[in-house]
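There are 2 protein chains.
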Amino acid sequence: MRAEARRSGRPRVAVLSRELILETALKLLDERGEQGAGIRDIARALDVRPSALYNHISGQDDVIAGIRELVSDRIDVSGFGSLSWDDALRQWAWSYRSAFAAHPPTIAIMVVTPLAPKSRTSQMYEAVCAGLIEAGWPEHTVVNLIVSLECFILGAALDHVAPDNMMDPGEDETAPNFVAAYAARASGLPSPEARPTDTVFEMGLEAMLAGFTATFQQLKGES
Amino acid sequence: MRAEARRSGRPRVAVLSRELILETALKLLDERGEQGAGIRDIARALDVRPSALYNHISGQDDVIAGIRELVSDRIDVSGFGSLSWDDALRQWAWSYRSAFAAHPPTIAIMVVTPLAPKSRTSQMYEAVCAGLIEAGWPEHTVVNLIVSLECFILGAALDHVAPDNMMDPGEDETAPNFVAAYAARASGLPSPEARPTDTVFEMGLEAMLAGFTATFQQLKGES
Numbered sequence: 021m022r023a024e025a026r027r028s029g030r031p032r033v034a035v036l037s038r039e040l041i042l043e044t045a046l047k048l049l050d051e052r053g054e055q056g057a058g059i060r061d062i063a064r065a066l067d068v069r070p071s072a073l074y075n076h077i078s079g080q081d082d083v084i085a086g087i088r089e090l091v092s093d094r095i096d097v098s099g100f101g102s103l104s105w106d107d108a109l110r111q112w113a114w115s116y117r118s119a120f121a122a123h124p125p126t127i128a129i130m131v132v133t134p135l136a137p138k139s140r141t142s143q144m145y146e147a148v149c150a151g152l153i154e155a156g157w158p159e160h161t162v163v164n165l166i167v168s169l170e171c172f173i174l175g176a177a178l179d180h181v182a183p184d185n186m187m188d189p190g191e192d193e194t195a196p197n198f199v200a201a202y203a204a205r206a207s208g209l210p211s212p213e214a215r216p217t218d219t220v221f222e223m224g225l226e227a228m229l230a231g232f233t234a235t236f237q238q239l240k241g242e243s
Numbered sequence: 021m022r023a024e025a026r027r028s029g030r031p032r033v034a035v036l037s038r039e040l041i042l043e044t045a046l047k048l049l050d051e052r053g054e055q056g057a058g059i060r061d062i063a064r065a066l067d068v069r070p071s072a073l074y075n076h077i078s079g080q081d082d083v084i085a086g087i088r089e090l091v092s093d094r095i096d097v098s099g100f101g102s103l104s105w106d107d108a109l110r111q112w113a114w115s116y117r118s119a120f121a122a123h124p125p126t127i128a129i130m131v132v133t134p135l136a137p138k139s140r141t142s143q144m145y146e147a148v149c150a151g152l153i154e155a156g157w158p159e160h161t162v163v164n165l166i167v168s169l170e171c172f173i174l175g176a177a178l179d180h181v182a183p184d185n186m187m188d189p190g191e192d193e194t195a196p197n198f199v200a201a202y203a204a205r206a207s208g209l210p211s212p213e214a215r216p217t218d219t220v221f222e223m224g225l226e227a228m229l230a231g232f233t234a235t236f237q238q239l240k241g242e243s
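Just so you know, the protein sequences line up as chains A and B, in that order. Take 21 as the starting number for the first sequence in this note's numbering and just add one per residue. Take 21 as the starting number for the second sequence in this note's numbering and just add one per residue.
Isolated chain A, as found in the complex:
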């Protein structure tokens, strides 16, 4: 690979771009976790010197912000402004879980990384905030509503990438209700191929949306 890249007529550095750097960083992160996606690792994977990267990115924090933008780009905000606010949130939430579940190591990083100003991630939030405010949600409730849904979505993304048998109590005569409930869970799946993590996500998301709908109607009644 390296030799081939060097043999080609155009020097490898010419194709370097911010996009290529970030896609490479996300790939390394997926394969090796956070420890394996530093500036040096990215440079090695692209067969360039670390200094060459700094024409396109300002440092590790910028790489993380850029990866977050790549993941955010896959979150569907198209429903805000066209669908009802709850249908728009439903679509947003399912795509949000998929976006993070496709790149498990990003979940733990994103949850502790402050938002990068003026990023495409901010534009994602702008679309959600605009949709909710336009629908009539009081401004002061909007960010809390979004973050509470994000807490659920990120927890559910972690659940999605975990094995299906995480909750298996095994044989345990001291936990008869738990054993019975776990055994009955399989019967509640929509099909034998269905994963319980999807039923869990739907159940929790629908509960939250139903709860928010009740709150919304109450707020409307008061105003």
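A couple of the hints might just be wrong.
Under the rule of at most 20 Å between Cα atoms (straight-line distance), these lysine to aspartate or glutamate pairs were calculated in the DMTMM-like manner [to be verified]:
1. Lys138/B <-> Glu226/A
2. Lys138/B <-> Asp184/A
3. Lys240/B <-> Asp184/A
One side only, chain B facing chain A, incomplete, derived with CB under 10 Å [stated by the list, open to error]:
4. Ser92
5. Asp93
6. Gly156
7. Ala203
Covered stretches of chain B (chain A as the covering partner; in silico rule of three or more C-beta atoms under 8 Å from a C-beta of chain A) [said to hold, decoys possible]:
8. 132–143
9. 184–193
Calculated from the structure, these hints are not laboratory results. Beta carbons are placed, not taken as given, at the ideal position from N, Cα and C, and that holds for glycine.
Given the coordinates of chain A, assemble chain B onto it according to the supplied hints.
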């Protein structure tokens, strides 16, 4: 410390117990993260040889299961059987978030670690399952309901240990709704000292419980 321990009349190894090993492991995990809480690290902290630990624990997986029990012990299940199922879940959920938020590195580990059979963690789940089944929840829904709440609680525990300004959009004229909603968020806090993460947790938890209550009444009406 080491010298003092050796100077004491009783040999240090005599006080070794499973409980001391697990409490030490949890302390190391909190201080140094997962990489710093291996068997060798625990042995060094206790000033004993690693082999001495194996009289009390079977290995790293057993240590993780034991830490999970320590954290589970702090989850309040006393409401099941005495309070209504939703009040019992509310109490359980708040204590669950506190238990994990007190030990942030445990959150990411627990979410990918299968349940250890016949552990005190299983007993915690037994209490919740028994309470929900007794209240009339259909058996096949119980584990999904618990896991969907756990997704939210674990996400909220991560939010709780993150800085309060994670969502700050800064100055960004391209995101006016987001900037306005973020600024208005502070006005919705119950007091100037209140942390938004607590408002977020309450809002999300109450939405889920309201949604589950609606589902429960619907199920009751059908049966």
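We went through each hint and held it up to the structure:
1. Lys138/B <-> Glu226/A: violated (33 Å)
2. Lys138/B <-> Asp184/A: Answer holds: Lys138/B to Asp184/A is near 19 Å, not above 20 Å.
3. Lys240/B <-> Asp184/A: violated (29 Å)
4. Ser92: violated (13 Å)
5. Asp93: Result: violated, 16 Å to nearest chain A Cβ.
6. Gly156: violated (13 Å)
7. Ala203: holds (8 Å)
8. 132–143: holds (count 8)
9. 184–193: holds (count 8)
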